[in-house]
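Position one of the sequence shown corresponds to residue 39 (the working numbering), numbered consecutively onward.
Please note that a few of the clues may not be correct.
Stated by the list, open to error - Per label pair, the in silico range of CB-to-CB distance:
hint: 1; residue 1: Ile-125; residue 2: Arg-53; range: 26 to 32 Å
hint: 2; residue 1: Thr-69; residue 2: Glu-111; range: 28 to 34 Å
hint: 3; residue 1: Arg-121; residue 2: Pro-71; range: 29 to 35 Å
hint: 4; residue 1: Val-44; residue 2: Arg-96; range: 33 to 39 Å
hint: 5; residue 1: Arg-104; residue 2: Gly-59; range: 19 to 25 Å
hint: 6; residue 1: Asp-98; residue 2: Asn-51; range: 20 to 26 Å
Hints in this document: simulated from the structure, not taken from any laboratory.
Since the model is a prediction, treat every value here as computed from it, not as a measurement.
Just so you know, even glycine gets a beta-carbon here, dropped at the ideal spot from N, CA and C.
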Amino acid sequence: MWEVAVKEGYGLNSRVERLEGIEGNTVFRVTDPNKDQSFLICLDDSLEPETLKALGLRKDDLSICRDAALNDEMAANLALQCRLETI
């Protein structure tokens with residue numbers, strides 16, 4: 039997770055917090071207080087559709103997940119909702 043944060047330009051003083059109330063997947067928010075920016079990351083083997091609905095992603099939100107966690111349809115839909123990056 040820290041490797042991704044650094045590659046995205048976030049500092050080592052960034053905060054990592056697990057999002058509560060998300061069923062089915064473990065999702066973290068990484069926030070850089072110096073930039074006042076954050077992104078969501080899920081490193082689970084598969085991403086549940088219920089998780090995506092619960093996150094309520096918007097166009098400006100950056101979401102990062104494993105490429106293998108998404109099928110083609112989910113990836114296309116998610117890319118329309120937010121800025122999607124896969125690892």
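Hints versus structure:
1. Between Ile-125 and Arg-53 the beta carbon distance is about 20 Å. The supplied range of 26 to 32 Å is therefore violated.
2. Between Thr-69 and Glu-111 the beta carbon distance is about 30 Å. The supplied range of 28 to 34 Å therefore holds.
3. Distance hint check for Arg-121 and Pro-71: the Cβ-Cβ separation is about 21 Å, which falls outside the suggested range of 29 to 35 Å.
4. For Val-44 and Arg-96, the hinted distance range of 33 to 39 Å is not satisfied, since their beta carbons lie about 25 Å from each other.
5. Taking the beta carbon of each, Arg-104 and Gly-59 are about 22 Å apart, inside 19 to 25 Å as hinted.
6. Taking 20 to 26 Å as the suggested C-beta distance range, the pair Asp-98 and Asn-51 conforms, at roughly 23 Å.
Hint compliance for this structure: hints 1, 3 and 4 are broken, all remaining hints hold.
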